[in-house]
Amino acid sequence: MTTDLTRASAAELSDLLAQGETSSVEVTQSLLNRTDAVDGDVHAYLHVDREGALATARDIDARRAAGEELHRLAGVPIAVKDVMATKGLPTTCGSKILEGWIPPYDATVVTRIKQAGMPILGKTNMDEFAMGSSTEHSAYGPTRNPWDLDRIPGGSGGGSSAVVASFQAPLAIGTDTGGSIRQPAAVTGTVGTKPTYGGVSRYGLVALASSLDQAGPCTRTVLDAALLHEVMGGHDPMDSTSINAPVPAVVEAARRADVKGMKIGIVRELTGDGFQAGVQARFDESVQHLVDAGAEVVEVSCPSFEAALAAYYLILPSEASSNLAKFDAMRYGMRVLPEGIDDPSAEQVMAATRDAGFGDEVKRRIILGTYALSSGYYDAYYGSAQKVRRLIADDFSRAFDTADVLVSPTAPTTAFRFGDKIDDPMAMYLNDIATIPANLAGVPGMSLPSGLADEDGLPAGFQILAPAAADERLYAVGSALEQRLLASWGGPLLGRAPELSTTTKGA
Amino acid sequence: MAELTRDDVAHLAGLARIDLSDAELDKMVGELGVILESVAVVQQSPIEGVEPMSHPMPLVNVTRPDVVRPSLGAEAALAGAPEADQQRFSVPRILDED
Numbered sequence: 108m109t110t111d112l113t114r115a116s117a118a119e120l121s122d123l124l125a126q127g128e129t130s131s132v133e134v135t136q137s138l139l140n141r142t143d144a145v146d147g148d149v150h151a152y153l154h155v156d157r158e159g160a161l162a163t164a165r166d167i168d169a170r171r172a173a174g175e176e177l178h179r180l181a182g183v184p185i186a187v188k189d190v191m192a193t194k195g196l197p198t199t200c201g202s203k204i205l206e207g208w209i210p211p212y213d214a215t216v217v218t219r220i221k222q223a224g225m226p227i228l229g230k231t232n233m234d235e236f237a238m239g240s241s242t243e244h245s246a247y248g249p250t251r252n253p254w255d256l257d258r259i260p261g262g263s264g265g266g267s268s269a270v271v272a273s274f275q276a277p278l279a280i281g282t283d284t285g286g287s288i289r290q291p292a293a294v295t296g297t298v299g300t301k302p303t304y305g306g307v308s309r310y311g312l313v314a315l316a317s318s319l320d321q322a323g324p325c326t327r328t329v330l331d332a333a334l335l336h337e338v339m340g341g342h343d344p345m346d347s348t349s350i351n352a353p354v355p356a357v358v359e360a361a362r363r364a365d366v367k368g369m370k371i372g373i374v375r376e377l378t379g380d381g382f383q384a385g386v387q388a389r390f391d392e393s394v395q396h397l398v399d400a401g402a403e404v405v406e407v408s409c410p411s412f413e414a415a416l417a418a419y420y421l422i423l424p425s426e427a428s429s430n431l432a433k434f435d436a437m438r439y440g441m442r443v444l445p446e447g448i449d450d451p452s453a454e455q456v457m458a459a460t461r462d463a464g465f466g467d468e469v470k471r472r473i474i475l476g477t478y479a480l481s482s483g484y485y486d487a488y489y490g491s492a493q494k495v496r497r498l499i500a501d502d503f504s505r506a507f508d509t510a511d512v513l514v515s516p517t518a519p520t521t522a523f524r525f526g527d528k529i530d531d532p533m534a535m536y537l538n539d540i541a542t543i544p545a546n547l548a549g550v551p552g553m554s555l556p557s558g559l560a561d562e563d564g565l566p567a568g569f570q571i572l573a574p575a576a577a578d579e580r581l582y583a584v585g586s587a588l589e590q591r592l593l594a595s596w597g598g599p600l601l602g603r604a605p606e607l608s609t610t611t612k613g614a
Numbered sequence: 002m003a004e005l006t007r008d009d010v011a012h013l014a015g016l017a018r019i020d021l022s023d024a025e026l027d028k029m030v031g032e033l034g035v036i037l038e039s040v041a042v043v044q045q046s047p048i049e050g051v052e053p054m055s056h057p058m059p060l061v062n063v064t065r066p067d068v069v070r071p072s073l074g075a076e077a078a079l080a081g082a083p084e085a086d087q088q089r090f091s092v093p094r095i096l097d098e099d
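Chains as they are written, first to last, in the working numbering: chain A, 108 to 614; chain B, 2 to 99.
Treat the hints as calculated values from the structure; they're not laboratory data.
It cannot be assumed that every hint is accurate.
Calculated cross-link-like contacts (lysine to aspartate or glutamate; reagent style DMTMM-like; alpha-carbon spacing at most 20 Å) [what the hints assert, rightly or not]: (1) K470(A) with E406(A); (2) K470(A) with D27(B); (3) K203(A) with E25(B); (4) K28(B) with D462(A); (5) K28(B) with E406(A); (6) K470(A) with E25(B); (7) K194(A) with D9(B); (8) K28(B) with D530(A); (9) K28(B) with D531(A); (10) K470(A) with E76(B); (11) K28(B) with D467(A); (12) K528(A) with E25(B); (13) K194(A) with D8(B); (14) K203(A) with E76(B); (15) K28(B) with D527(A); (16) K470(A) with E38(B); (17) K433(A) with D67(B); (18) K28(B) with D9(B); (19) K203(A) with E84(B); (20) K528(A) with D467(A); (21) K367(A) with E413(A); (22) K433(A) with D20(B); (23) K528(A) with D23(B); (24) K528(A) with E32(B); (25) K470(A) with E84(B); (26) K203(A) with D20(B); (27) K470(A) with D23(B).
Keep in mind the model is a prediction, meaning the values are calculated, not measured.
The following block holds chain B by itself, in its conformation from the complex (with noise of 0.2 Å):
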């Protein structure tokens, strides 16, 4: 298994989306370490030709008649937003400038 680099974990926190300071990612790393090293036993397990489960029930698709029921309005919807206007949440800029 490959060792978990401090690179890596400021990877996958960008790609999660958490800002890490330095002292965090630091952190992080060792504990990181030595949780993965205990996970890794599931490879250790009689689990050649296995069917992966991913829930414990049986999943189908499930519908329902295809009508018009309440939903929440606008203004409900809008309630916890750290900032709304005009209806509508409003967001910072979401490309970046060229």
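One chain only, chain A, in its complex shape (with noise of 0.2 Å):
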């Protein structure tokens, strides 16, 4: 057999394994080796779960022998961002406080990759529970993007976007909660949704910020996005904010990739001015192959989208804050005492444990928001955030009156250099710019690949938004714009990044 099981999509995975072509085994070890050559330069794992993704792989590999009627992603190797409790696996979130804690329990996203047979590889990089656009403010190290190791892969989900960027999975699991599923796929040439809010459920998802996180799938191709939508979507009595709906047609939209007819709204505010000349201008070839293929363009003006990024800096460390709490040294976690006090009290220990254990950016949006809800500045802060956020919702809708999805350029820049951002914190909440409207709405978005930029021959990623629960247009237009797109450059983009170097890994 020649084809490179690494490099394969989930769907031709899928096909491969129903027509006995190759096993789950098979498949699970050739990425377990891809692991062991690359990951010690890309660092997109912080935990590799060998034996359980084997044990998995060698489970449903006897039931289809037995000719059970199997789950279309069975035998499909997943990693898992590190945000998500796990049963018996570590999950740190990024955080020294979380160092060697074990869940006892599954979230329900978890759940479902199980119960739909998919062997677990691993648990994927972060920065530190979830702040970031980077990666470098994860407590274990940066995770370096496949394109250029020099260069950030993106965050939060910066370990879920190049482990699938560096052909280690297939398909991988990350949260949105300004971005962080969507930014680092364009960063590195690859695809990530977020769902609708409520679309997937978040219980055991380690919440940032409770009423904008939603996770989602990130993947190679947008037929895998959708295939793994699939599985991780629909009701879950375990979170009250779950829809209670089926999920949206989100592969039969990604197969049919039909545009005809559609308007495809250029948001004014989310072009031009502010983006990196290449980033804007593959954006623009990406906008004529829709037109190539039967949609209309409409500009629509969303004017308070300019002050979502301040509105979304102060509702998350809010949130942030209060979800934090809860990391106190006395259930879970790290618990240290402090020095040169006799028998301290629960709260000196707890300072001192939080102290010790939180990084600094995270120490920082703790105290940001504590302040934002505080008693005399409630009404100036949080409460004038709440407000500009139902400005943007309306913003929303009045597009959507007008065009049938928005599209912009994901990120502003291609991937950036280690350390370029990382003392302004200010310069760092700006790679989001275009994603964050979508969060505080709770409409659904995509990125998928637009090309290389010109000027440093990195990725950008091509942003598609649409109304809350039409998910599948999403798909649709993602769909259409890639296959115009593989056309044109003859093979995949991640086709042209650059070979990493393997290492043998001694037995």
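Take each chain as given, in its own frame, and dock them per the hints.
This is the structure:
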């Protein structure tokens, strides 16, 4: 067999498995070998579960051999962001405060991928508690972008984007609070979707900002994203914000790839100034491809988006400061005793632990949130931000009156170098300028590669946004664009990424 | 907008139960000042009379039938505890002496 199993898409692997051309053990072992060879450099994983993945693969192979009817993705391996609780596997959220914690339960998303029979390869790196756009805020060191190891893979889900971009897994789970699936996808030349808020259960997802967090697929193709979206999504009684309706017909939409007569809205506030020339050029070409495919382009204005970043950096820290109060050194996680105090109180232990266990960015946001919520400042900060949030949602409603989907570049630039923005929080926050509005309004969004920027040869991302509960439109547009881009490139964009040097791990 | 002072940040850190070192406090005062200045633009938006939005979904309370269902056992719940004693979380003293 000549197919490189590490480069095959999940859909292709699923076909090969169904036809008996390969086994899940063979696929899983190939991916684990690839991890041995390249992850010393990339550092996409915080934990690899070799034995667990192979055990699931053996079980699926046996069940398939016995003629059992299996899920479409049964036997196709997957990586999971380390913010999802996995029973029996370490879950750190990229933080020292959770080092060594083994959850006693599975997140609903994890339960669903286990039910589908998908081997879990390991847990992927991330900015601590998903706060960041580069993975430089991981307590366990950054993940490196497979396109250029001196550059960031995006964040917070840089481990999940890099693991699929470096062919260590065809699929990964990400979470997106302000762009943590879409921005990493953009800078690594991969695909990522943030579903409609409530479309995927948050049970067992360690919360950053509960009203913004949403888990979704990280993949190399639009169809793969749809297939994984379908596995992850759907109602869950364990999450009170879970939508009680079937998953939108995302797979069918990805297959049909039909945009004829669709109105594509270009958001005036999310193009032009502030976007790198090569990113903008690839965006403009992508829009033309959609026109060639039969779509109609309209321009829409969402003036409140200008204040979205500010509203987000009040709402997120406010919710985060409350959510992270549970790391109190009492029930799980790290406990540090303060120095020089005999018989310290619970409060002193708590404060010493949180100082030792949280990184700088987490502390910064907790204190910012504590301030924004404190009496006397609540109306000026959190209250005002909530009103801006309403204006943003209203802007979306108006825009979707004239357009079926909205489009923009996903991130203003291609991948930047490590250290470029680490000491300037506001510069770091600007990476999410185009992705944040969707989280504030709860609408779904996707990023797919639009090509390489001329000035640096690095991937740029194309973002599609749809009305709440109309996730299938992302896949129709994404798939139509992907088909045309693949034809113009003559193959997948990732085929142009430099070969990673491989190391042979000693036995 | 009132400027955030070093004392303010120390007070907030106390409320957030984070025992910041002096060096951390010094660094954070400046950083938070820059961030606060940037996010204050929310006050310049046309928000007069706008209904605040706390959540993307119009939430109503969600309930389930009042029947017993399985949950974590004591052993599993205590498995990650820094210290456990007699099937309970063991914590440092919670009262100040006298």
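Right, here's what the structure says about each hint:
no., hint, verdict
1, K470(A) with E406(A), "41 Å, violated"
2, K470(A) with D27(B), "13 Å, holds"
3, K203(A) with E25(B), "18 Å, holds"
4, K28(B) with D462(A), "14 Å, holds"
5, K28(B) with E406(A), "44 Å, violated"
6, K470(A) with E25(B), "10 Å, holds"
7, K194(A) with D9(B), "41 Å, violated"
8, K28(B) with D530(A), "11 Å, holds"
9, K28(B) with D531(A), "12 Å, holds"
10, K470(A) with E76(B), "32 Å, violated"
11, K28(B) with D467(A), "10 Å, holds"
12, K528(A) with E25(B), "19 Å, holds"
13, K194(A) with D8(B), "43 Å, violated"
14, K203(A) with E76(B), "24 Å, violated"
15, K28(B) with D527(A), "18 Å, holds"
16, K470(A) with E38(B), "18 Å, holds"
17, K433(A) with D67(B), "27 Å, violated"
18, K28(B) with D9(B), "13 Å, holds"
19, K203(A) with E84(B), "18 Å, holds"
20, K528(A) with D467(A), "14 Å, holds"
21, K367(A) with E413(A), "31 Å, violated"
22, K433(A) with D20(B), "16 Å, holds"
23, K528(A) with D23(B), "24 Å, violated"
24, K528(A) with E32(B), "13 Å, holds"
25, K470(A) with E84(B), "25 Å, violated"
26, K203(A) with D20(B), "16 Å, holds"
27, K470(A) with D23(B), "14 Å, holds"
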